[in-house]
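Trainee: Next come the chains, spelled out residue by residue.
There are 2 protein chains.
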Amino acid sequence: MSTELADHHSPNMTFDSTAPKNVSVPANVHAQAHGAAEVTAACAAAEAAFDPYRALPAERRAAFLERIGAEIIALGDVLITTAMRESGLPRARLEGERGRTVGQLNMFAGVVRTGGWMGLRIDPALPDRLPAPRPDLRSRMIPLGPVAVFGASNFPLAFSTAGGDTASALAAGCPVVVKGHPAHPQTGDLVAGAIRAAITACAMPPGVFSHLTGPGNAIGTMLVQDPHITAVGFTGSRGGGLALVRLAQARAVPIPVFAEMSSINPVILLPEALRARGAALGTAFVASLTMGAGQFCTNPGLVVAIEGDGLDAFVAAAAEALRATAAATMLTGGIHIAYEQGVAALQANAAVTTLALGQVGGGVAQGRAAFFATTGAQFIRDATLGHEVFGAASLLVRCKDEAELRGVLIQSEGQLTATLQMDADDRACAARLIPVLERKAGRILANGWPTGVEVAHAMVHGGPFPATSDGRTTSVGTMAIDRWLRPVCYQNLLPALLPDVLGDATTAPRLIDGVFAQPA
Amino acid sequence: MSTELADHHSPNMTFDSTAPKNVSVPANVHAQAHGAAEVTAACAAAEAAFDPYRALPAERRAAFLERIGAEIIALGDVLITTAMRESGLPRARLEGERGRTVGQLNMFAGVVRTGGWMGLRIDPALPDRLPAPRPDLRSRMIPLGPVAVFGASNFPLAFSTAGGDTASALAAGCPVVVKGHPAHPQTGDLVAGAIRAAITACAMPPGVFSHLTGPGNAIGTMLVQDPHITAVGFTGSRGGGLALVRLAQARAVPIPVFAEMSSINPVILLPEALRARGAALGTAFVASLTMGAGQFCTNPGLVVAIEGDGLDAFVAAAAEALRATAAATMLTGGIHIAYEQGVAALQANAAVTTLALGQVGGGVAQGRAAFFATTGAQFIRDATLGHEVFGAASLLVRCKDEAELRGVLIQSEGQLTATLQMDADDRACAARLIPVLERKAGRILANGWPTGVEVAHAMVHGGPFPATSDGRTTSVGTMAIDRWLRPVCYQNLLPALLPDVLGDATTAPRLIDGVFAQPA
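Chains B and E are the protein sequences, given in the same order.
My numbering numbers the first residue of the first sequence as 973 and each following residue consecutively.
My numbering numbers the first residue of the second sequence as 973 and each following residue consecutively.
Every clue listed holds true.
Since the list can't tell identical chains apart, any single copy or any two copies may satisfy a pair.
With a cut-off of at most 20 angstroms between alpha-carbon atoms, the simulated SDA-like pairs for lysine to any residue come out as follows:
1. Lys-1412 to Ala-1027
2. Lys-1412 to Ala-1355
3. Lys-1372 to Thr-1346
Quick caveat, the hints were computed from the structure, so don't treat them as lab data.
Model, not experiment: these values are computed from the prediction.
Throw the hints in and build the complete structure from the sequences for me.
Mentor: Okay, structure coming up:
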């Protein structure tokens, strides 16, 4: 990453969105480019806001999260039309994404209120224990400190300015400094304005949220290096995520980076399912593959099957559906170029057959769907076949038997998801594969498609490297709050000095001597 | 770290313990030095054992942990006498440490049985939800895979072969490959034998535990680089821990390193406590400082106070007690040399006054206690004054007022513990400092001493960098198991394919739609 950045306020500097120019903002509309001084000021403000913010009662923090959602809704249709213009995504998708974003904020408000995230543990003193008394020990999770969040290009609302990383960090008690994605700067500015309105309405410390925008990597580099920043959330490319990890590790005080990066989400077509409904699976697969021009972290980029009845029907139906698929405008020119390079590399690979290509688009940055095939033996031989091609491209791996299919799964990298298409008679085979899939993926689905990630308590949107930089975490669902927390134990503290939630009168969910005590 | 290591079996190679030669094994007793082939074999065996081991019912795993404890007890006095000879630590200390080691194994057996560690979450399907149905989502924590554990020199039992890292990893379902500390190879071999006896008695997969010994860093380097290893536990020096972190980050698939490294454990003497009992605090402080030749992670290496009544009495009493303290044999020659260098650097620092030195010892590797003083202004100016000197050395920082004391705490690095010595009238001051201490330390104590770490549910033996490499974790107490786990979500899986604990009939502790359901 470049570290060039003007070391002064730069109120008059602007930059152009990186969105493809045929759908993007008119040439005379561009966004503010922040400078080094603004990065430093935002981080210092976040640090100043941390202690007052984390000390607020849970109800204040919950109401703040809900107010952010209400302010986003209050922005009205201009948010949707702006995001459509900047991202090229259709209205229905963005309206759905807005609902998801607000729902996520409300869900974390609920998490803050119920208090399980605090992980309260109380081991009362045992003054008469022999050979030595036990002290009074009480622990809770506290927020890490200011968090840097990098907005994602592919979800201008739900994984960006007020997306899941921001919502979960604010819920944890961490101030947030967002580096907005340059593909949708105006959408980001609108959402940032909604958050600022909520800060005012809820009388929050102003530094609890800042929004930085600009081209290139300089702002992000400074942000991760700022000594006040204590953790980083990121959704994007493997290269981008790993660059942030390296920066964070090289600090005098290293900090955790929770980067959700790269996944090709294997879909395993088991024999009986293929036999019963090969063609239907082919059609449904293409619908999942091409949704949103394939620009989902959970896009099914790998299909694995054993040679047998129904596989040819799957291929024929998928190829037919794919050929009929219109090209779609991709999120940025850079994403489109990388997609075309990935597709060209597969086409040039002698071990790969091109099964079908989608329709050619009429404008710039048009992503043309692509479907390829190879064999299990070739996949195991050539690790590059397992690399992500971000967009609507997928590779079918034809295996000669279950052992080879198992080998393909073991050879593949860590994933966000793994999907089993199976019928009742595939159960024994599925049972043999699940232990392999558990080690490869954060979520295992049956008879669905990996696109579409429910925001829920049990959701895991994470997975072993390179799906994420820390496979012990999720960036979607209520468990996402755990990334921003660390435990602190209080030993023999006067009751008056203990946090209220750790006092004897607490009603929050807690373990007492290791046993769960139900809230009153 | 060196990577030289013979690439073949080396059954006849041996090495000498690194323990000081006056207390250590006779010259003709030495330990086996393992080679590269044994490292590879141990990791492959751990990988082979992983799926069968993690699939065992909880009761089998719990009984295995308890059996390890019973086999350690069954070793009898030879374990104590061997550890005394290798470590130079006294009988009572090692008997206590054996009790702690066995108690820890039993505690994790209880954790395995109660099942809270699995973090079960069930969000049942909502087929009628609009605009789209919710799938059935169930998640649990699963073990990461084979874990490498590095034994610590200062706890030959409780933080070594069958120590907290091993116990918590085995409890999580992870096979363990231990790199024994070369300071106590025979103690390690005895304990490894006890674990092997438990493996046989409980019919565990043999690869679930291996014990590697040898001099130098080659075995450890190979171990962390082995592709089957999925996480690392370490207790030791900052240099050693950071070397392991670098190795782990440089892997093709990076893995987490949980290193407990460096802490000087500030003790803050608040004004009223000093006024009321300055001299008594001084005497008690020296008892904590010099226990075990000061070779504890939680040794009080920093004392911070505001100039005022009682501080001189504290200094006088501490100096008197310290001067009367006999020298003690340190754990290894290397530790002793590093200690003497650290003490010499403080003595040579013009900003530091030597308040007292302990008695000179008569043998080799004799650690002589040392007590120094500086001012708050000097401490804030010179970051080296905050570095750990492992052993019975401590630095008093005399501050002119509370603001300077606060500055000293902010300037200090991340810590395992922070201690407040306080009386009732110090409460307001303590309340102002606690938010600072929460950000600096994993455990905050009042009116005790940091040495002595209770093994309990609420214990946190961790803290911000450099106390540990991951301040979101603890290496002591039941929360230590969380380091070796990651979440997996199952979406719409047939009940027959779900893990039993996630079925509708489960009685384990779990969240249903985010609400805790008490076990039946």
